[in-house]
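Number of protein chains: 2
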Amino acid sequence: MRIIICGFGTVAQSFAKLLVSRSDDLYAKYGIMPRIVGVFDTKGGITESPGLDLNKLVEIKKKYGTVRNYGKSKKPLSGLEIINNTDADVLIETTASNYKDAEPGMSHIIAAMKRGMHVISVNKGPLALAFPSLMELATYNHVLLRFSGTVGGGTPILDYAKNSLRGEQITSFAGILNGTTNYILTNMARGMSFAAALKDAKSKGYVEADESLDLDGFDAAAKLVILANWIMGMKVTMPDIKRTGIRKVTSEDVKKAAKNNAAIKLIASCNKELIVSPREIPIDDPLCVNGTLNAISFTSEHSGTQTIIGRGAGGTETASAILRDLLDIRKEILRD
Amino acid sequence: MRIIICGFGTVAQSFAKLLVSRSDDLYAKYGIMPRIVGVFDTKGGITESPGLDLNKLVEIKKKYGTVRNYGKSKKPLSGLEIINNTDADVLIETTASNYKDAEPGMSHIIAAMKRGMHVISVNKGPLALAFPSLMELATYNHVLLRFSGTVGGGTPILDYAKNSLRGEQITSFAGILNGTTNYILTNMARGMSFAAALKDAKSKGYVEADESLDLDGFDAAAKLVILANWIMGMKVTMPDIKRTGIRKVTSEDVKKAAKNNAAIKLIASCNKELIVSPREIPIDDPLCVNGTLNAISFTSEHSGTQTIIGRGAGGTETASAILRDLLDIRKEILRD
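Protein chains in written order, with this note's numbering: chain A, 8 to 343; chain B, 8 to 343.
It should be emphasised that the hints constitute simulated quantities derived from the structure, not laboratory data.
Any given hint could be a false lead.
[Claimed, not checked] Here are the simulated distance ranges between beta carbons: (1) A:Lys266 - B:Val27: 44 to 52 Å; (2) A:Lys81 - B:Thr306: 41 to 49 Å; (3) B:Gly298 - A:Gln176: 21 to 29 Å; (4) A:Asn267 - B:Ala118: 53 to 61 Å; (5) B:Lys209 - A:Lys279: 39 to 47 Å; (6) B:Asp60 - A:Thr178: 25 to 33 Å; (7) A:Glu88 - B:Ser28: 54 to 62 Å.
[What the hints assert, rightly or not] Derived pair list, reagent style BS3-like, types lysine-lysine, alpha-carbon separation capped at 25 Å: (8) B:Lys279 - B:Lys249; (9) A:Lys81 - A:Lys50; (10) A:Lys36 - B:Lys242; (11) A:Lys107 - A:Lys242; (12) B:Lys338 - A:Lys36; (13) B:Lys36 - A:Lys242; (14) B:Lys50 - B:Lys79; (15) A:Lys169 - B:Lys338; (16) A:Lys69 - A:Lys82; (17) A:Lys36 - B:Lys279; (18) B:Lys262 - A:Lys266; (19) B:Lys82 - B:Lys69; (20) A:Lys169 - B:Lys169; (21) B:Lys121 - B:Lys338; (22) A:Lys338 - B:Lys79; (23) B:Lys242 - B:Lys279; (24) A:Lys107 - A:Lys255; (25) B:Lys209 - B:Lys107; (26) B:Lys24 - B:Lys36; (27) A:Lys279 - B:Lys36; (28) B:Lys50 - B:Lys24; (29) B:Lys211 - A:Lys36; (30) A:Lys242 - A:Lys266; (31) A:Lys169 - B:Lys36; (32) B:Lys36 - A:Lys338; (33) B:Lys63 - B:Lys79; (34) B:Lys279 - B:Lys69; (35) B:Lys266 - A:Lys266; (36) A:Lys262 - B:Lys266; (37) B:Lys338 - A:Lys338.
[Unchecked claim] Only some residues are given here: those of chain B computed to face chain A with a beta carbon under 7 Å: (38) Thr162; (39) Asp166; (40) Tyr167.
Each residue gets a CB set at the ideal place from its N, CA and C atoms; glycine is no exception.
Please work from the sequences and hints to get the whole structure.
Right under this line is the structure:
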């Protein structure tokens, strides 16, 4: 399988390392030999038809801060130049999420699908702003669009709801989908002020460069859009979510909740309406997890309520989700 | 699909009702029209080649305590007579689990597989005592053996580990797999004595007719055997499990745990050794669920630790697991 990777940050680097460490195993178990034939970051990119040396690629990125220095003589290429001129089967989009116009990821995905490439996106922006139309474009171009890593990181939440609960009707769900705000709220429940808890989360590297994405609930809302489309068959985008962040949660609110044997959590829920807002959850509800953990409870017609809990982020975890998508695409292709 | 059901207790009746309520939907969505062509309980059974009237069947069972009164004139048939003389695609085994010789379920399953029927078992006995050899027998006879309902009831624990985590290596797992003992231990943590908690659980109908299956950890151990074989590829049976039940857990033990911010739970774990025993679990570990809930945490090489929580029993829930297995078998057959 010939792969182009857009962006070469933590997740993409983890994915490259995962491919190196598991290459024998992937070939033996699944018969695939993935080759990265093109990669770019904000400073430009490179292609190499027989496949790039992934160890060298990671080293170059570490040394120069960009992958463009991988090739010596060639002029570095732009992302769209690479996508439009490289022969590849799959595009992996890992650039940063942006909820204004979803660029540059949106253009990468559209260009790749028009050229007949399957797409794996861990970038939530394009899905949050245009899930229904991207799905239509994929169908129209006979390609697959996968995005396991967008919700739950390495925890296969989307797959669980779609496949493990096949034959079931999910009637509603509610989840803690953003680890950063959960970490902040957990520390507030342990006595910190909002400001101190935010500072602590920043010092640990948990907060997005644009803190509003976490604190104002954009990240949780984007995941809710993806879940609502993929699992409930709704055709919705970001503006359909009623969204309230955690900036106005006070230490008093948190103390009041504790008196009720509850905790305040940023909950994303789908039950007729799509809502992201801070809400009180009983302490002994399985959903009420602490620290950076994510959790989601699905309620289905015949199987009751089931909760999945796991880390919602992390380079290695998200890279493992990309690999699952890749194996999934491979399986679907073979079936045709 | 032509189906024989062994046993017609709560689970089988729930399954019959589920088929009635979802018949249109199953035909429209999956193109299947399941027909129960044979059924029996301890007092005998009946067959009807065009398929039994399921509403009538449930009524007859309710009225007479057995399904044998469904047909008027015919002599009631034994289970093996039905299995050996009825043309069917799938056998659903729902008789009671027995960890001494796994009968009568073992004979039903073996007879059905030898006749080329696929088997769905919610009876844990045969799997606990002979998982590796039953799997071999299924392969030899080119039939499928499925058992989603044996672990987690309607919570698709086996499917999650096998499919949602595909491409991953699960390195260890630990779970609360028996709802009855969890209910008892939860009440002990709230101040009840073991005797009072057991009495309360019995009054609610949570305890097996043979209380030893719950209290001495046989039920949890049987589920551990199934998980170890199916998910870890181990070839083990009941005697390979180190098993300790909850009878010796005292109120003092429970109080001591509470002081450590922990709770005593009956944990079934696979980490080199296969063990069922009461152990202290930190209160804020996602695994530490209360009441009759089940929970299991899988640790995998790249995706960290993930926990699934849900009700582990219940007629409707287990019936929904049988239906998932049936859809799964249908899908596999079509693929051949």
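Hints versus structure:
1. With their beta carbons about 48 Å apart, A:Lys266 and B:Val27 fall inside the hinted range of 44 to 52 Å.
2. Look at A:Lys81 against B:Thr306: about 44 Å separates their beta carbons, and that is inside 41 to 49 Å.
3. Checked against the hint of 21 to 29 Å, the pair B:Gly298 and A:Gln176 passes, with Cβ atoms roughly 25 Å apart.
4. Checking the proposed 53 to 61 Å range against A:Asn267 and B:Ala118 shows it holds: the Cβ atoms sit about 57 Å from each other.
5. About 40 Å separates the C-beta atoms of B:Lys209 and A:Lys279, a value consistent with the hinted range of 39 to 47 Å.
6. The beta-carbon spacing between B:Asp60 and A:Thr178, approximately 30 Å, falls within the hinted interval of 25 to 33 Å.
7. Between A:Glu88 and B:Ser28 the beta carbon distance is about 57 Å. The supplied range of 54 to 62 Å therefore holds.
8. At roughly 12 Å between alpha-carbon atoms, B:Lys279 and B:Lys249 fall within 25 Å of each other, so this suggested pair holds.
9. Among the hinted pairs, A:Lys81 with A:Lys50 is consistent with the structure: their alpha-carbon atoms are about 14 Å apart, no more than 25 Å.
10. About 20 Å separates the Cα atoms of A:Lys36 and B:Lys242, which keeps this hinted pair within 25 Å; it holds.
11. Restraint check for A:Lys107 and A:Lys242: the C-alpha separation of about 19 Å stays at or below 25 Å, so the hint holds.
12. For the proposed pair B:Lys338 and A:Lys36, the alpha carbon gap of about 22 Å is at most 25 Å, so the pair holds.
13. Proposed proximity of B:Lys36 and A:Lys242 is supported: the alpha carbons are some 20 Å apart, at most 25 Å.
14. Taking the CA atoms of B:Lys50 and B:Lys79, the gap is near 15 Å; set against the 25 Å cutoff, the hint holds.
15. A distance of roughly 16 Å separates the Cα atoms of A:Lys169 and B:Lys338; the hinted pair therefore holds under the 25 Å criterion.
16. Pair hint A:Lys69 plus A:Lys82 holds up; C-alpha atoms about 20 Å apart against a cutoff of 25 Å.
17. As the CA atoms of A:Lys36 and B:Lys279 are separated by approximately 23 Å, the hinted pair is consistent with the 25 Å bound.
18. Restraint check for B:Lys262 and A:Lys266: satisfied, since their Cα atoms lie roughly 23 Å apart, inside the 25 Å limit.
19. Under the criterion of a C-alpha separation no larger than 25 Å, the hint pairing B:Lys82 with B:Lys69 is consistent with the structure, at around 20 Å.
20. Note on A:Lys169 and B:Lys169: the hinted pairing holds, with a Cα-Cα distance of about 15 Å set against a maximum of 25 Å.
21. For the proposed pair B:Lys121 and B:Lys338, the alpha carbon gap of about 22 Å is at most 25 Å, so the pair holds.
22. With a CA separation close to 52 Å, the supplied pair A:Lys338 and B:Lys79 exceeds the 25 Å bound.
23. Straight-line distance between C-alpha atoms of B:Lys242 and B:Lys279 comes to about 13 Å, which keeps the hinted pair within the 25 Å bound.
24. Between A:Lys107 and A:Lys255 the CA atoms are separated by roughly 23 Å; this keeps the pair inside 25 Å, and the hint holds.
25. Between the alpha carbons of B:Lys209 and B:Lys107 the distance comes to roughly 23 Å, so the proposed pair stays at or under 25 Å and holds.
26. Distance check on the hinted pair: B:Lys24 and B:Lys36 sit about 18 Å apart at the alpha-carbon level, within 25 Å; holds.
27. At roughly 23 Å between alpha-carbon atoms, A:Lys279 and B:Lys36 fall within 25 Å of each other, so this suggested pair holds.
28. For the proposed pair B:Lys50 and B:Lys24, the alpha carbon gap of about 22 Å is at most 25 Å, so the pair holds.
29. Restraint check: the Cα-Cα separation between B:Lys211 and A:Lys36 comes to about 48 Å, which exceeds 25 Å; the hinted pair is violated.
30. At roughly 40 Å between alpha-carbon atoms, A:Lys242 and A:Lys266 are farther apart than 25 Å, so this suggested pair is violated.
31. Restraint check for A:Lys169 and B:Lys36: the C-alpha separation of about 15 Å stays at or below 25 Å, so the hint holds.
32. Using a Cα cut-off of 25 Å, the hinted pair B:Lys36 and A:Lys338 holds, with the two alpha carbons roughly 22 Å apart.
33. Between B:Lys63 and B:Lys79 the CA atoms are separated by roughly 13 Å; this keeps the pair inside 25 Å, and the hint holds.
34. Simply put, B:Lys279 and B:Lys69 have alpha-carbon atoms about 47 Å apart, too far for the 25 Å limit, and the pair is violated.
35. For the proposed pair B:Lys266 and A:Lys266, the alpha carbon gap of about 20 Å is at most 25 Å, so the pair holds.
36. For the hint linking A:Lys262 to B:Lys266, the alpha-carbon distance of about 23 Å falls within 25 Å, and the restraint holds.
37. Simply put, B:Lys338 and A:Lys338 have alpha-carbon atoms about 15 Å apart, close enough for the 25 Å limit, and the pair holds.
38. Restraint check, B:Thr162 versus chain A: the minimum CB separation of about 5 Å is within 7 Å; hint holds.
39. A least Cβ separation of about 4 Å between B:Asp166 and chain A falls short of the 7 Å threshold, and the interface hint therefore holds.
40. With 7 Å as the threshold, the beta carbon of B:Tyr167 comes within range of chain A, its nearest partner Cβ sitting at about 5 Å, so the hint holds.
In this structure, the hints that do not hold are numbers 22, 29, 30, 34, in rising order.
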